[in-house]
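Q: Residues per chain, in single letters:
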Amino acid sequence: GENVEQHPSTLSVQEGDSAVIKCTYSDSASNYFPWYKQELGKRPQLIIDIRSNVGEKKDQRIAVTLNKTAKHFSLHITETQPEDSAVYFCAASRGKFGNEKLTFGTGTRLTIIP
Amino acid sequence: KAGVTQTPRYLIKTRGQQVTLSCSPISGHRSVSWYQQTPGQGLQFLFEYFSETQRNKGNFPGRFSGRQFSNSRSEMNVSTLELGDSALYLCASSAGERTGELFFGEGSRLTVL
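From first to last, the protein sequence lines are chains A and B.
Start counting the first sequence at 1; every next residue gets the next number (the numbering used here).
Start counting the second sequence at 1001; every next residue gets the next number (the numbering used here).
To be clear, the hints were calculated from the coordinates, so they are not data collected in a lab.
Beta carbons are placed, not taken as given, at the ideal position from N, Cα and C, and that holds for glycine.
Mixed in with the good hints, there may be bad ones.
[What the hints assert, rightly or not] Under the rule of at most 25 angstroms between Cα atoms (straight-line distance), these lysine-lysine pairs were calculated in the DSS-like manner:
#1 Lys96/A <-> Lys1057/B
#2 Lys71/A <-> Lys57/A
#3 Lys22/A <-> Lys58/A
#4 Lys42/A <-> Lys68/A
#5 Lys1013/B <-> Lys96/A
#6 Lys37/A <-> Lys96/A
#7 Lys71/A <-> Lys42/A
#8 Lys22/A <-> Lys1013/B
#9 Lys37/A <-> Lys1001/B
#10 Lys71/A <-> Lys1057/B
[Claimed, not checked] If we take Cβ atoms under 8 angstroms as the criterion, some of the chain A residues that face chain B in the derived model are:
#11 Ser28
#12 Tyr32
#13 Arg43
#14 Leu46
#15 Asp49
#16 Phe97
#17 Glu100
#18 Thr106
[Stated by the list, open to error] Label pairs and their computed distance ranges (CB to CB):
#19 Pro114/A <-> Gly1016/B: 29 to 39 angstroms
#20 Pro82/A <-> Gln1041/B: 42 to 52 angstroms
#21 Gln1041/B <-> Ala29/A: 18 to 28 angstroms
#22 Ser12/A <-> Gly1062/B: 20 to 30 angstroms
#23 Asp27/A <-> Gln1018/B: 41 to 51 angstroms
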């Protein structure tokens, strides 16, 4: 089955600096790669996703890059703000729509230092 | 639109008992998935239902089961509870046809003593 590894497990960044979280996946048939943000005590929420036919996607301060050959994808957050502090999960799926069965990484706890 | 609703929010059980958790998806969403969240393992996929059919299943023992009703509401059941079953159980619904986005509920926190 699919295996997703996520690094680092914790990350502290000065406010205004950039943060990068990396994930690798094992199943070459995976075609959908979402990122979820979970604030303390709250439910996970989708912040950005990318499909395998695209190499990069950006949404304001957040971007995701995908390298299918190396089977890894990364989340980039620029100009970090205190509200970016949360746990971030990457995931991979091979279904038609992507929501059928997600395999998640173990999460990265991001702390923004004011 | 109301979000995904899970009940109960918190529950405490003892080893050997069984538990049933309920999930009401967003109106119009036909896909419902269940995930187990623990501090060390992150989110692990349990199963996914679409139009009352289990479409996908994760690597959990047969003690974990689920079902979906005609109104898309879903339940999951865990029998013969073990200490290791203590976790946050998250339900998520999805529109399915056009997007991969999962909309999570707040979860049911199960403690097994």
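Q: With reference to the structure, classify each hint as holding or not holding.
A: Verification of the supplied hints:
1. Lys96/A <-> Lys1057/B: Answer holds: Lys96/A to Lys1057/B is near 16 angstroms, not above 25 angstroms.
2. Lys71/A <-> Lys57/A: Roughly 16 angstroms separates the two Cα atoms, so the pair holds.
3. Lys22/A <-> Lys58/A: Judged against 25 angstroms, a Cα distance of about 16 angstroms means the pair holds.
4. Lys42/A <-> Lys68/A: violated (32 angstroms)
5. Lys1013/B <-> Lys96/A: violated (38 angstroms)
6. Lys37/A <-> Lys96/A: Cα-Cα ~23 angstroms, so holds.
7. Lys71/A <-> Lys42/A: violated (30 angstroms)
8. Lys22/A <-> Lys1013/B: Answer violated: Lys22/A to Lys1013/B is near 38 angstroms, above 25 angstroms.
9. Lys37/A <-> Lys1001/B: At roughly 21 angstroms apart (the allowed maximum being 25 angstroms), Lys1001/B and Lys37/A satisfy the hint.
10. Lys71/A <-> Lys1057/B: holds (24 angstroms)
11. Ser28: violated (18 angstroms)
12. Tyr32: holds (5 angstroms)
13. Arg43: holds (4 angstroms)
14. Leu46: It holds, given that the least Cβ distance between Leu46/A and chain B is near 5 angstroms, below 8 angstroms.
15. Asp49: holds (6 angstroms)
16. Phe97: This interface hint holds because 5 angstroms falls under the 8 angstroms limit.
17. Glu100: With a minimum Cβ separation of about 5 angstroms from chain B (threshold 8 angstroms), the hint on Glu100/A holds.
18. Thr106: holds (4 angstroms)
19. Pro114/A <-> Gly1016/B: 29 to 39 angstroms: violated (49 angstroms)
20. Pro82/A <-> Gln1041/B: 42 to 52 angstroms: violated (28 angstroms)
21. Gln1041/B <-> Ala29/A: 18 to 28 angstroms: Holds: the Cβ-Cβ distance is about 23 angstroms, inside 18 to 28 angstroms.
22. Ser12/A <-> Gly1062/B: 20 to 30 angstroms: violated (42 angstroms)
23. Asp27/A <-> Gln1018/B: 41 to 51 angstroms: violated (34 angstroms)
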